[in-house]
Amino acid sequence: MPSTVAVTVARYRPERESEPSFQTYEIPVRKDWVVLDALNHIKDGLDGSLSYRWSCRMGVCGSCGMKVNGTPKLTCATFLSDYLPGPIRVEPLDYFPVVRDLVVDLTDFVRKLKQVKPWIIRKEEKPLGEGEYLQTPDQLDTYKQFSMCINCMLCYSACPIYGLEPSFIGPAAIALAQRYNMDSRDQGAAERLEILSEHDGIWQCTFVGECTKVCPKHVDPAGAIQQYKLAGATHWMRSLLLPRSAR
Amino acid sequence: MSEPHYTLYHPRWYRRRVSVWWWLQKGSYTRFVLREITSVFVAFFAVVYLWQIYTLGQGPEAYGRFLARLRTPLFLALDTVAFLFVLFHAITWFNLTPKAMVVRLRGKRVPDSVIVGANYAAWLVVSGAVAFIMLRG
Amino acid sequence: MERITPLLWLLFSAGGTVAALLFPVHLFLTGLAVPLGWVEAPRHEFLYRLVTHPVTRLYLLVLISLPLFHWAHRFRYTLYDGLQLKHLTELIAVLCYGAALVGTALAAYLLWTIA
Numbered sequence: 038m039p040s041t042v043a044v045t046v047a048r049y050r051p052e053r054e055s056e057p058s059f060q061t062y063e064i065p066v067r068k069d070w071v072v073l074d075a076l077n078h079i080k081d082g083l084d085g086s087l088s089y090r091w092s093c094r095m096g097v098c099g100s101c102g103m104k105v106n107g108t109p110k111l112t113c114a115t116f117l118s119d120y121l122p123g124p125i126r127v128e129p130l131d132y133f134p135v136v137r138d139l140v141v142d143l144t145d146f147v148r149k150l151k152q153v154k155p156w157i158i159r160k161e162e163k164p165l166g167e168g169e170y171l172q173t174p175d176q177l178d179t180y181k182q183f184s185m186c187i188n189c190m191l192c193y194s195a196c197p198i199y200g201l202e203p204s205f206i207g208p209a210a211i212a213l214a215q216r217y218n219m220d221s222r223d224q225g226a227a228e229r230l231e232i233l234s235e236h237d238g239i240w241q242c243t244f245v246g247e248c249t250k251v252c253p254k255h256v257d258p259a260g261a262i263q264q265y266k267l268a269g270a271t272h273w274m275r276s277l278l279l280p281r282s283a284r
Numbered sequence: 005m006s007e008p009h010y011t012l013y014h015p016r017w018y019r020r021r022v023s024v025w026w027w028l029q030k031g032s033y034t035r036f037v038l039r040e041i042t043s044v045f046v047a048f049f050a051v052v053y054l055w056q057i058y059t060l061g062q063g064p065e066a067y068g069r070f071l072a073r074l075r076t077p078l079f080l081a082l083d084t085v086a087f088l089f090v091l092f093h094a095i096t097w098f099n100l101t102p103k104a105m106v107v108r109l110r111g112k113r114v115p116d117s118v119i120v121g122a123n124y125a126a127w128l129v130v131s132g133a134v135a136f137i138m139l140r141g
Numbered sequence: 052m053e054r055i056t057p058l059l060w061l062l063f064s065a066g067g068t069v070a071a072l073l074f075p076v077h078l079f080l081t082g083l084a085v086p087l088g089w090v091e092a093p094r095h096e097f098l099y100r101l102v103t104h105p106v107t108r109l110y111l112l113v114l115i116s117l118p119l120f121h122w123a124h125r126f127r128y129t130l131y132d133g134l135q136l137k138h139l140t141e142l143i144a145v146l147c148y149g150a151a152l153v154g155t156a157l158a159a160y161l162l163w164t165i166a
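Residue numbers (the working numbering), protein chains in the order written: chain F, 38 to 284; chain H, 5 to 141; chain G, 52 to 166.
FYI, nobody ran anything at the bench for these hints, they're computed from the structure.
If you're wondering where the values come from, they're calculated on a predicted model, not measured in any experiment.
Be a bit skeptical, because a hint or two may be false.
[Unchecked claim] Residues from chain F that face chain H, not an exhaustive set, calculated with beta carbons under 7 angstroms:
#, residue
1, 57
2, 177
3, 267
[Claimed, not checked] To be clear about the criterion: a stretch of chain H counts as covered by chain F if any three or more of its residues have a C-beta under 8 angstroms from a C-beta of chain F, and this derived list gives those stretches:
#, segment
4, 51-57
5, 92-105
6, 128-137
Heads up, the beta-carbon is just placed ideally off N, CA and C, and yes, glycines get one too.
For reference, chain F alone in the conformation it holds in the complex (with noise of 0.2 angstroms):
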């Protein structure tokens, strides 16, 4: 194993350039070190001036996300060995506007979580008397993949239709919605698919796949869509054929 490895960073000072540039710092290679490690390297003793975000590092809180060598990754979830012997470049997640450096703005995303009503929705809530909701291991089986989102933005920098398109509503927020409509707990599918049937849900997905591909989790937000347009599309025909039953 080389001693060390060249760490390309893109660097982004607002107050002193109008473009992204490039900076390359030469990082020790430690047997199990990953790109955070390097990253926090450079900022402890090579240039305090580089900004990031990161938080758990342990691939649990979605803080992390960046393009690394191309790819979206977690930096905390990505060794240094798979890529010698380098060099290794880092990048902000694309797609979203960059505040500084590494740093992007997550407003979009935040905004479009919240506009699938991420949460159990009922006809009539149950009185606390009558207890809890009771589920069994099988029920829990169907959603449970989709709960397993860390809201880590991978799979929106992968996506090229959110790239294209940036009012699309997005694999990780679908992936959510369909968390709830799968719950048993929940009553609130049709609310959910009225949003999500407009022209930025559901139907601009052309099922590319990669938003699956990059996730960390594997909650296969791409599998989630395809199955959520069958749904609608199921719906739709039951509310043209039989509209008293679907409502």
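For chain F, the structure is supplied; the task is to place chains H and G on it using the hints.
Showing chains H and G alone in chain F's frame:
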């Protein structure tokens, strides 16, 4: 030296434009576009079949001319390319079917490979049936 | 347009399934095996009798129409995303689905009048 990019109270964010060649920048994107292009060859063959039906209705000479036209190098080349693309469509279509169609038996999800296998089995059966019917006379 | 998107997607899916299951064998026979002499070309009287049967007419209508709608939907999105022709989106939709409708009408007419 470029101008500092500050608006009052808010630094200028950098937004990158998506190139019209975005689909050439990554192998998986290119494969995706190729998959979408298969639809053109699907339409091409639908039109060829429509043409065949037309000539069938016009009588044996017209049909004979149609068959002769399909033997020309141009059509043989087109049909070969179309066949490869249609095959690519079929394979990608069967492999992706389980993503949209989740089947649950007795509470457990049927594995994707079973759905894919069922699709390929149906493909074989149906292809065999068509070939049998068409080649009898 | 928005309200019929589920219908267009259903046509796309049905057409894609028809094309995936049936086009390989039909294309292989008609476009390669027969012209290259690997199998004998079906005689005109045989095919004519086969095609005029009402079940075959329905089969052929489905075989031609649904894949055309599959193409229309897919191609429309490819032009929209791939070539970023956003400003022409309505025109593209009309041309694509319109072409599929014309093809379907043509197929229906030919199959109705073939006997």
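Item checked: Hints the structure fails to honour -> 2, 4, 6
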